[in-house]
Every structure is written in C-alpha cells, then in structure tokens.
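Chemist: Below are the chains, spelled out letter by letter.
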Amino acid sequence: MSTTSERSTRTIYEQVQESPEFTQLRSRLRRFVFPMSAAFLIWYLAYVLMASYLPGFMATKVFGNINVGLLIGLMQFVTTFAITTIYVRYADKHLDPAAERIRKHIEGGA
Amino acid sequence: MSLIAQSQSGANVGSVLVNIGVFVAFVAVTLIFVYRASRTNRTASDYYAAGRAFTGPQNGVAIAGDYLSAASFLGIAGAIALGGYDGFLYSIGFLVAWLVALLLVAELLRNTGKFTMGDVLAFRMRQRPVRAAAATSTLVVSFFYLLAQMAGAGGLIALLLQIPTSNRLGQGIVIAVVGLLMIVYVLVGGMKGTTYVQIIKAVLLLIGAAVMTTWVLGIVGFNISGLLGDAVEASPKGEALLAPGLIFTNPVDFVSLGLALVLGTAGLPHILMRFYTVPSAKEARRSVVWAIWLIGLFYLFTLVLGYGAAALLEPGTITTANQNNAAPLLAYELGGELLLGLISAIAFATILAVVAGLTITASASFAHDVYANVIKRGTATPDAEVRVARLTALIVGLVAIAGGIIANGQNIAFLVALAFAVAASANLPTILYSLFWKRFNTMGALFSIYGGLVISIVLIVFSPAVSGKPVNEATGRSGSMIQGVDFHWFPLDNPGLISIPASFLLGIIGTYIGGKRSVEPGKFAEMEVRALTGAGAEKAVAH
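Chains as they are written, first to last, in this note's numbering: chain W, 1 to 110; chain L, 1 to 543.
Hints listed in this document are in silico derivations from the structure and should not be mistaken for laboratory results. Be aware that one or more of the hints could be misleading.
In silico DSSO-like links for lysine-lysine, alpha-carbon gap of 30 Å or less [stated by the list, open to error]: (1) K237(L) <-> K93(W); (2) K539(L) <-> K104(W); (3) K104(W) <-> K438(L); (4) K237(L) <-> K61(W); (5) K114(L) <-> K438(L); (6) K438(L) <-> K539(L); (7) K469(L) <-> K282(L); (8) K237(L) <-> K376(L); (9) K93(W) <-> K104(W); (10) K376(L) <-> K438(L); (11) K114(L) <-> K539(L); (12) K539(L) <-> K376(L); (13) K469(L) <-> K114(L); (14) K282(L) <-> K539(L); (15) K523(L) <-> K237(L); (16) K376(L) <-> K104(W); (17) K376(L) <-> K282(L); (18) K93(W) <-> K282(L); (19) K523(L) <-> K114(L); (20) K93(W) <-> K469(L); (21) K438(L) <-> K282(L); (22) K93(W) <-> K376(L); (23) K237(L) <-> K114(L); (24) K114(L) <-> K282(L); (25) K93(W) <-> K438(L); (26) K104(W) <-> K282(L); (27) K376(L) <-> K114(L); (28) K104(W) <-> K523(L); (29) K469(L) <-> K376(L).
Quick list of simulated restraints, FRET-style, between CB atoms [claimed, not checked]: (30) V88(W) <-> Y35(L): 33 to 39 Å; (31) N250(L) <-> K93(W): 42 to 48 Å; (32) R168(L) <-> G56(W): 41 to 47 Å; (33) I219(L) <-> K104(W): 33 to 39 Å.
If you're wondering where the values come from, they're calculated on a predicted model, not measured in any experiment. Note that beta-carbon positions come from the ideal geometry of N, C-alpha and C, so glycine has one too.
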C-alpha cells in the first residue's frame, strides 16, 4: 500500500478546486445538506422545547391513550427516515456522477 | 416466596445454567469468527480498519451493533418502564443524531481520513498538537462510554448468574472475566473480529427485541392505546407516565440533554472509526442508511418493551434500583427462563461488543495519533504501530475492568448521556470546522477541542449528577454519583447547553487569534477536493 507518497500533486487539487465542475458539485452538496441540517435540527429542538415547556399540551389525548407528545415523537422517526431517503436519492442523482468524473480526472492525471 | 417477590430484588429469577449456556454459545460462535478474522490480520489497515473490505450493509449492521449499547437496550427500556415518556426522549435524540453523521460527516470523513478522527482533524493543521488533542479527547470520550457500559454489567450479572449486587467480589470477578474475553477479541481479531462480534450481536439483539415486541403486542391484541392504558393502570405514576416531566423535572436540563444527544453521535470516535472499514464514501453512506433504519426500528421496539414492562409486570417490580433490568424481567414474564436466558445473554453480548469497539478505537488513537505521529513524528513502521496498538488495547481493557468494578451500579443511560455531551463539545465543532471552514486553523482546533473537553468535564464534576442531589427517602441514597457530600454549583445534570456552544465559539476565537498563516498552502484545496470526490482516498485491501 502506498498512500501518502504522492503529496506533490497538490497543484492539481488547487486547479480542480477552482474548476467550474467542482464548484458546482460543492454548491450542490452545500445547498442540500446545510438547509436540511438546519431544518431537522430546528424541528428536533422545537420538539424538545415543547416537551420541556408544554407538558400539558403534549399530554392532550388525540385518540384512545395516544397523545400529542407520542405522535410528535413518532413524527421525529418519520422525518428522520424520510430525510435519509431523500438525501440518498439526491446524492445518487446530483452528487455521485460529478464526484466520480472529477475523481477519475484527478487519479488519471496524477 | 413467590417468584415475583424474588424478582423485586432483580435476582433469583430464571435458571443460571440456561443463562450461562446461551452466553457460552454466543462466545463460542463469535470466537470462531474472531479466529478466522485473525488469519487475514496482517497490515495496519487490517488491524485498524478491517482492510476496508466490509460492505455498506454489513457495516451498517455493525454500526447498529456498536451503537445500540447496553444504555439503549437496558437503560431506555428501563427509563420508559419507570419514567414513561421522558425515557422516549433518549431514543429520539439518539436516532435524529444520525442525520448529522449522514449529511455532514460520514462520507467526507471516509474520504479524507485513514484510521482515526485525528487523521481528519490534523489533515491541514500542524500535526503533532492537533493529533495529541484529538487523541486526548478520543481517550476521554471512550473512557466515559466504557465506564457506562461496564457499569451496566453488575445488574445483569445479578440477574444472569444470580450473584447479588451486594456481593462485590463475585461481581468483580465476573466483570474481570468479561473484560479479559473482550481483550482477546480485540487482540486476536482486530477490527475485523470486532466487527463480526458487533454484527452477530446486532442481529441477535434486533431479533430478540422484535420477538419480545411482537409478543407484548400480541398479548394486548396489537392495540397500542390499550397497552398504554394498561401501563397507566399498573404504574404508581398513573397518567403521568404518558406525558413529559417524570424524569426531567427541570426543563432547562431536558433541553441540555437533548442538545448533547443530537450533536454527540457524530463526534463519537468509535462510531467515526467504523466509516473507515468500508471501501468508499458511497459505502459509508449506505452504512449510515442501514444503521438509521435498524436503529430507528430498534427504538420503536424499546418503546413497546418499556411500556410493556410497565403494563405486564407486577406493579412495583421495576424500581430505580433495578430499572436497567426491566427488559430482562419482561422477558422472564413472557417466555420464562429460556427467553430470560436469551435476552440476558444478548444484553451481555451487547456490553462485550460495544466495549470491544471502544477499546480498539482508543488503542488505534493512541498508537496512530500519539505514538506514530506525535512521539515518532511519522517515522514508526506500521508493524511497530500495530504492536503499540495491541499493547494499548490490553491496557485500556484492564482500565475498563477496574473502572467497571468501581462504577458498577450507576445509571447507564445517564452515563452515556455524559459521554455524548463530551463528544459533542470536544469533537463535533472541530470536525465540522475543519471540513467546511477554510479559515479554520491549528489554534482554532486546539481551542475548540481542549476548551470543549475542559468545560464539559468541569461542569459535569460540579453538577448535581456528581454530588448534592437530595437523598431519596425510600432508598436512603442521594441521586448523585457521590454520596454524602455536596460541592455542586452548576445547576444542570448535563453540560451540553453551555459546553457545546462554548466550544463552537472557542473554535472561532482560536482561529482569529491563530492568524491567517496556514501550515501548508494548498492543503485546504486538497482536503476539500478529496472530501467531496474521493480522489486519493484510502482504498480497500484485497486478500
């Protein structure tokens, strides 16, 4: 295994970093992961705050013994599974092909 | 004396022979895998990263095995059985946290690092100080987590082998034997052996929990509302069991814990290290997806099991003293001594597998970051590095045994929450800054890691979790770790609310103090391009 020997190829990384294809890949990644992270963190914190400060509201029965708190808690599971699935689709379609092309370019040219 | 009365002490239920038999069978099967794994354990990459040859799904199951610790299974089921809704918050935090790992950390880390968290943190920084800092926080977080796991062993031993918790010597001997077994796994099997142990354990744990969940639901006619109603009727807490507020009486504390849980996972070194065992970033992504589904499913099971224990066990069976045994006692109620034997053996296997994962992580960090890069300045041969790693694993294992004997009996979900707070404070800010913030530098990393570490630990030491909680009249014991003294001045059990933002802030302050001069121009370009494209990433080893 030779891993750390080719550090002199720095310049190609700098070239790639400035290339339009890479900047587009980076903005596609950031445009997805930053807002999505903010969204799920806000949604989670809203849940935690509701559980902390509105216990009476959380205890409101919706049907049978199922209350608002339990439903919102389970909704956290649903959104987690949903975001996971959406991200995988997005990455497959919008991130992986470009990343693959750039990687081949670098490893072929190095 | 009826079995129920006996079970109140958490001991003398079930058959010791059955319990031992199931556990020995698990050990025998896993040892075979570990031995087979040892035959391909040649290089550093084999020992630390299992040759990067596991598939995404395999690694996802192993992550579930690594993550679903005794705290998840025993701690959460017990917390829900006793404290109802508040126990559920743990599971939600532990699950949602995986989105941080999925979206922001896993793939980028896999592409830039080699064996440890320190590889990523030090990538474009001055190597020696940053690696020393990364190793320090890895060792501290792993130690907290180790203690949490070992502390859960005592109650389980009482149940499994009918050695009461009052028999400190007998319990200590069993903890030592388990610790030695774990050391054998790590030394012989390396990361590959450890991974197999985690996969086998995860499969058993998920099947065990699924069977018990279906059983409980079957008893109540698959009527969740009915199950909750039964739990309310049987619990001394009544309706309060279904609403927040039984465990966390201080809302600010609840928010602090919630923050630590959701931001801690992506800073746990033993979880981060698992991403190096797959061949590519895409496989790392698949691992997280598998892990999220399995872990989410498991937490839904624990919700049913917790309320199931509250509903189906004789009222008063679960107390604060034996709450970690709620799931095993429920197993006994459902399926008698055989199911109890199975579930307790699985719970025990859980402790074993998680502790093995922690030990290999701590040893890798010491050997790879401290020995090879800080002491030998990158000149150590891989063979020497692996030798040091094995020696460190032995020492960490012995420390775990000693710590486990001392910490025996502490509430494990709470101890794990503290480990999460330290991980979220000391590790996550630096990981995110070094992946996404160009200006970030060595000084910023050191400020954030050491600052987060010191602040979170100091706040824990002076928190009511350690000293000064009022004495419970029923048990005659204080809810704090140390009895009979009170030196607390920090009002919260969990430091996350203060220590996590403080560490993010310290990263920024340190960076501006450190100045603009970067260690090696072009290093950020290399890191960013590698992180996003996988160019130059470590490849899998073909055997």
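Chemist: Against this structure, judge whether each hint is valid.
Modeler: Hints, verified against the model:
Using a Cα cut-off of 30 Å, the hinted pair K237(L) and K93(W) is violated, with the two alpha carbons roughly 51 Å apart. Straight-line distance between C-alpha atoms of K539(L) and K104(W) comes to about 14 Å, which keeps the hinted pair within the 30 Å bound. Proposed proximity of K104(W) and K438(L) is supported: the alpha carbons are some 25 Å apart, at most 30 Å. Of the pairs offered as hints, the one joining K237(L) and K61(W) holds, with about 17 Å between alpha carbons and a cut-off of 30 Å not exceeded.
Taking the CA atoms of K114(L) and K438(L), the gap is near 21 Å; set against the 30 Å cutoff, the hint holds. About 26 Å separates the Cα atoms of K438(L) and K539(L), which keeps this hinted pair within 30 Å; it holds. Only pairs whose Cα atoms come within 30 Å are accepted, and K469(L) paired with K282(L) is rejected, the gap being roughly 48 Å. A hinted pair counts as satisfied when its Cα atoms are at most 30 Å apart, and K237(L) with K376(L) does not qualify at roughly 59 Å.
Restraint check: the Cα-Cα separation between K93(W) and K104(W) comes to about 18 Å, which is no more than 30 Å; the hinted pair holds. For the hint linking K376(L) to K438(L), the alpha-carbon distance of about 29 Å falls within 30 Å, and the restraint holds. For the suggested pair K114(L) and K539(L), the alpha carbons sit about 10 Å apart, so the restraint of at most 30 Å is met. For the suggested pair K539(L) and K376(L), the alpha carbons sit about 25 Å apart, so the restraint of at most 30 Å is met.
A hinted pair counts as satisfied when its Cα atoms are at most 30 Å apart, and K469(L) with K114(L) does not qualify at roughly 44 Å. Proximity of K282(L) to K539(L) is assessed by CA-CA distance (about 13 Å); at most 30 Å being required, the pair is judged to hold. This hinted pair does not check out: K523(L) and K237(L) have alpha carbons roughly 59 Å apart, beyond 30 Å. A threshold of 30 Å between alpha carbons decides the hint, and for K376(L) with K104(W) the separation of about 35 Å lies outside it, so the pair is violated.
Taking the CA atoms of K376(L) and K282(L), the gap is near 34 Å; set against the 30 Å cutoff, the hint is violated. The suggested pairing of K93(W) with K282(L) holds, with an alpha-carbon distance near 13 Å, which does not exceed 30 Å. The suggested pairing of K523(L) with K114(L) holds, with an alpha-carbon distance near 16 Å, which does not exceed 30 Å. For a cut-off of 30 Å, the pair hint linking K93(W) to K469(L) is broken: about 54 Å separates their Cα positions.
A distance of roughly 24 Å separates the Cα atoms of K438(L) and K282(L); the hinted pair therefore holds under the 30 Å criterion. Our distance criterion of 30 Å between C-alpha atoms is broken by K93(W) and K376(L), whose separation comes to about 44 Å. With a CA separation close to 51 Å, the supplied pair K237(L) and K114(L) exceeds the 30 Å bound. Restraint check: the Cα-Cα separation between K114(L) and K282(L) comes to about 16 Å, which is no more than 30 Å; the hinted pair holds.
Restraint check for K93(W) and K438(L): the C-alpha separation of about 27 Å stays at or below 30 Å, so the hint holds. In summary, the hint linking K104(W) to K282(L) is supported, as the alpha carbons are separated by about 15 Å, within the 30 Å threshold. Taking the CA atoms of K376(L) and K114(L), the gap is near 18 Å; set against the 30 Å cutoff, the hint holds. Between K104(W) and K523(L), the direct Cα distance comes to roughly 20 Å. Compliance with the 30 Å bound is thereby established for this hinted pair.
For the suggested pair K469(L) and K376(L), the alpha carbons sit about 47 Å apart, so the restraint of at most 30 Å is broken. Separated by about 36 Å at the C-beta atoms, V88(W) and Y35(L) satisfy the suggested range of 33 to 39 Å. Roughly 46 Å separates the CB atoms of N250(L) and K93(W), a value that falls within the hinted 42 to 48 Å. The hinted range of 41 to 47 Å is satisfied by R168(L) and G56(W), whose Cβ atoms lie roughly 45 Å apart.
For the pair I219(L) and K104(W), the beta carbons lie near 58 Å from each other, so the given range of 33 to 39 Å is not met.
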